[in-house]
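Here the working numbering runs 1438 ahead of the position in the sequence shown, where the first position is 1.
A portion of the hints provided could be inaccurate.
Unchecked claim - Computed Cβ-Cβ distance ranges for the label pairs, DEER-style:
id, residue 1, residue 2, range
1, T1823, E1728, 35 to 45 Å
2, S1739, A1699, 39 to 49 Å
3, D1727, A1777, 38 to 48 Å
4, S1571, V1479, 19 to 29 Å
5, Q1778, R1559, 41 to 51 Å
6, S1496, A1777, 15 to 25 Å
7, P1604, A1777, 22 to 32 Å
In short, the hints are calculated from the structure, not lab data. Note that beta-carbon positions come from the ideal geometry of N, C-alpha and C, so glycine has one too.
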Amino acid sequence: MSYSSSDRIVAILREWIANAAPGAKLPSTRALVAEHEVSPVTVQQALRTLVAQGVIESRPGVGTFVRGIRAPKPHDFGWQTAALGAPQQRLPQLSSALRTTANDVIGLHSGYPDKSLLPERQVRAALARAARSELAVVRAPAAGLPDLQSWFAAELASDTPGGVTPPLASDVVILPGSQAGLSTLFRTLVGAGQPMLIESPSYWGAILAAAQVGVQLVPIPSGPDGPDPDEIDRAFARTGARALYAQPHFANPTGAHWSPALAERVLDIVRARGAFLIEDDWAHDFSIDEDITPIAALDDSGHVVYVRSLTKSVSPALRVAGVVARGPARERILADTQAQAMYVSGVLQAAALDVVTQPAWRTHVRGLRGQLAARRNLLVDALRTYAPTAYLAHIPRGGLNLWLRLPDGADLAAVARECEQRGVIVAPGNDWFPAEPTGQYLRLNYSGPNPGAYERAAQVLGEVLASVTD
């Protein structure tokens, strides 16, 4: 009988193996070919399948043998406790915003926009072009590709008013994403054991980066309109801090947007205190009802260190960010970057630059405003209808998130758990507080997949809140 499928040879060999002792040598490929009238390719396919299943093992130049059964045993890594010692800083767990979910749930927890909101075709084409370029086989400059440095500088210069010197390309350092950038900035501008002011609540990634570096965070209360500048000034005086980390435009998670007056007041305070403002412009491409003017565009004295990432707006696969800094601060940032990563992949830099310099990029960003507005309004209306006991302090004019306060007495963990059991994933707000939370919050991302399910998600949340607060 002629066998044409390796699956049948696998079945024959499995029967042979079942009656063989561990370590027994299997018949040679030649013998199997002759006995079963199959091709050598079919036999090799069957043997590879059995090796992958862990049934047999191949010893080159010797033969193929039945693999012995190994009794499972627990791994003992206790020795590492003594070798590593106690950690100097216990790092927070990764935020729920990074969880991946199945397609059959409604995800409102993610920190990233759905791929339907990304310039997918442009990204694929840009990566293909970059892969065919010389950058696929050479090292990129430590500070970044000059053309990409120029693009970041020009973007900030376009908002720089008269009388302020615009940044140069040489003021820019390209980093492998803003998360790595924040670690670098906190390490070089603040230092381990030193205080740094931070809005509360604030971006969980900044809180994580500070913990990893060993920076001591000093929380500054912040609401829908941003922090109280007098609180910032008092905190600088009280702690001797030399840096403030902030997201002045559509802050993650609250969506807060600083007014021009607040921005100028904080900049005056930072200058008077001889300190740095680390401005995280993460939502630059996600404005909806209001344009962004970075505070860094108003400063040419080196007090504002500006970071802008392309990861969320272009593609999560392109971990590329730019930092604009002047003076010795820029040199320290570059030195730390070289020590940590040496350089950012030239292919990724070239692809990112390709996307943002295409005419289609401006068209995409303009169209994105309408899509985000529709999604935001859809979720806001659904929450007001089906979860009226939850409180939305304000409707953000940009960004990706709603910051929803739960009614007093609600058990945050129970709400998140019960929502998940009913197919809705939400992000508990505790991750965004650098100190004790001031209330029970959820961060809901309105840029995720399946906006048609937002009404159902709001219904589930309303039902859960009714059940846990009775």
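Right, here's what the structure says about each hint:
Between T1823 and E1728 the beta carbons are some 26 Å apart, a value that contradicts the proposed interval 35 to 45 Å. The beta-carbon spacing between S1739 and A1699, approximately 20 Å, falls outside the hinted interval of 39 to 49 Å. Remark: the range hint 38 to 48 Å for D1727 to A1777 is upheld by a beta-carbon distance near 42 Å. Under the hint 19 to 29 Å, the C-beta atoms of S1571 and V1479, about 38 Å apart, miss the expected range.
Take Q1778 and R1559: their Cβ atoms lie about 33 Å apart, and the range 41 to 51 Å is violated. The hint said 15 to 25 Å for the Cβ distance between S1496 and A1777, and at roughly 43 Å that hint is violated. For the hinted restraint 22 to 32 Å between P1604 and A1777, the CB-CB distance of approximately 29 Å keeps it satisfied.
The earlier numbered hints that this structure contradicts are 1, 2, 4, 5 and 6.
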